[in-house]
Amino acid sequence: MYAQMVKTARVGVKPRDEMTEQERAFQDRVDANEKIEPKDWMPDDYRRTLIRQIGQHAHSEVVGQLPEGNWITRAPTLERKAILLAKVQDEAGRGLYLYSAAETLGVSRDELIELLHQGRMKYSSIFNYPTLTWADVGAIGWLVDGAAIMNQVHLQRTSYGPYARAMVRICKEESFHQRQGYDIMMKMAFGTPEQKAMAQDALNRFWYPSLMMFGPPDQDSVHTAQSMAWKIKVATNDELRQKFVDQTVPQIEYLGLTCPDPDIRLNEETGHYDFTPPDWSEFFAVLKGNGPCNKDRMKARITAWEDGAWVREGMLAHARKKAAATAAAE
Amino acid sequence: MSSEWPLWEVFIRGQHGLSHRHVGSLHAPDAECALRNARDVYTRRNEGVSIWVVEAAHITASSPSDKGPLFEPSESKVYRHPSFYDIPDDAGAM
Ligand SMILES: [Fe+2]
Ligand SMILES: [Fe+2]
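These protein sequence lines are chains U and G, in that order. Counting in this note's numbering, the first sequence tops out at residue 330, every number present. Counting in this note's numbering, the second sequence tops out at residue 94, every number present.
Just so you know, the hints here were simulated from the structure itself, not pulled from any lab data. These numbers were taken from a predicted model, which means no experiment stands behind them. By construction, the Cβ of each residue, glycine as well, lies at the ideal position given by its N, Cα and C atoms. You may find that some hints are simply not true.
If you only want the chain U side, here are some residues facing chain G, beta carbon under 10 angstroms, derived [unchecked claim]:
(1) R24
(2) D28
(3) A86
(4) T104
(5) M315
(6) A317
The calculated DSS-like cross-link candidates involving lysine-lysine, where the alpha carbons are at most 30 angstroms apart (straight line), are [claimed, not checked]:
(7) U/K231 / G/K77
(8) U/K39 / G/K77
(9) U/K14 / G/K67
(10) G/K77 / U/K35
(11) U/K231 / U/K196
(12) U/K243 / U/K288
(13) U/K187 / U/K35
(14) U/K172 / U/K81
(15) U/K295 / U/K81
(16) U/K187 / U/K231
(17) U/K299 / U/K288
(18) G/K67 / G/K77
(19) U/K231 / U/K39
(20) U/K35 / U/K14
(21) U/K14 / U/K81
(22) U/K172 / U/K243
(23) G/K67 / U/K35
(24) U/K14 / G/K77
Okay, chain G solo, but in the shape it has when bound:
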């Protein structure tokens, strides 16, 4: 059996009120160590207030070839944006 530690993806909440953001990855034998290592590697200069670690093997990602079918349909739906509607200034702030 390979003795290489599994890969974990690291997400950090930079400040209160913000979402966690992917910052990188690391190897660790388990979740507990992954958290500790993430703190040492990714938050040495006050970069975060909270850490998530997820084993990389558990992430399901969309594939680049699906980019068209997944994201193009929304391109034609301009009416989903507020700028699609002309509201006269007389109507007041909206």
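Pulled out of the complex, with its shape left as it was, chain U reads as follows:
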């Protein structure tokens, strides 16, 4: 997802009889669906895991602006340009909500950005794929934001109050993202044969990377159990991936496009689609930094941060000077 393979500090769930009294009281609150708030006591591992997860989620929103930002100046009409601009602006806003949520856990936004730039924190693998044509912008809204919704809807029930509240805001906006993407896909798929071919090509390239967004299969996700016990993860990777496939296949059919997985079919017994899993070696390679765009993405982020430094420093210096002048006048 936007946060993939977030490491918890331990493998497996801590058994109740190994917990301290404080830890047991904490787990009871989580089990009773009480929200944990910033000043409440929480286990160190819970705090650390959440910082990693929310931080990764925030980084994904910010880096996620780049593939789409690539098309803002080249959107085919003024209306499409305004829509894409609004969508990318939303993504920046999410970055902000999420960094703020992480900050309530005692880490600063600058520290998190520093860790990203040093390569010590990750962002979602999906944003390391290029946007080659306008149809890719449609495919991203439809599939990537669609996959994100799947996860974020569940996270509205997460145990950490500030994170849950950020998710509520995000979910309100996300449906616009998915629908504008599908709207682009419809225009392309129902357009000229060349446009339809572009739509098919975008689907072909984004299908498996979208499935990877949910993270590795459950049997390989050693960190899932503890995160689920803490309710900072509310559904498993495989559950969400299946839900996404079930929802998306009819949408592909409606567009008159073909799913790039030749073996996909509805399983009459389960009522779910059977599908070919993505190539996990590609996923791990992308996560390690070897995807098609990893280097470009990090370079763009670091350049933006460094080039903006004089603005941040200048504005702060101005604010301090003004405050000093006001104080002197009083």
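We have chain U; now place chain G with the ligands onto it with these hints.
Here is chain G with the ligands on its own, set in the frame of chain U:
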């Protein structure tokens, strides 16, 4: 000196007649910028008619461990609620 902008808490009045409600936070060098940023981040879809920003460092909050002493005393004071009193229907609307 750190060049990280201070944190501000943002409160929005959603509609005329309602109170301002906490919606989130942001970083800004001063109050003026905080207001402008709050408008961009928190009111892009007509969410508000008025914004307050307060520097987070100026907020004093009760601590979770005070929850008992602060709020429990009111639990036993049932007579503060109208339902404590039995008024016969014959007395009319009240
Ligand atoms: Fe996003
Ligand atoms: Fe989005």
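- Item | Hints violated by the structure (listed by number, smallest first) | 1, 2, 7, 11, 13, 16, 21 and 24
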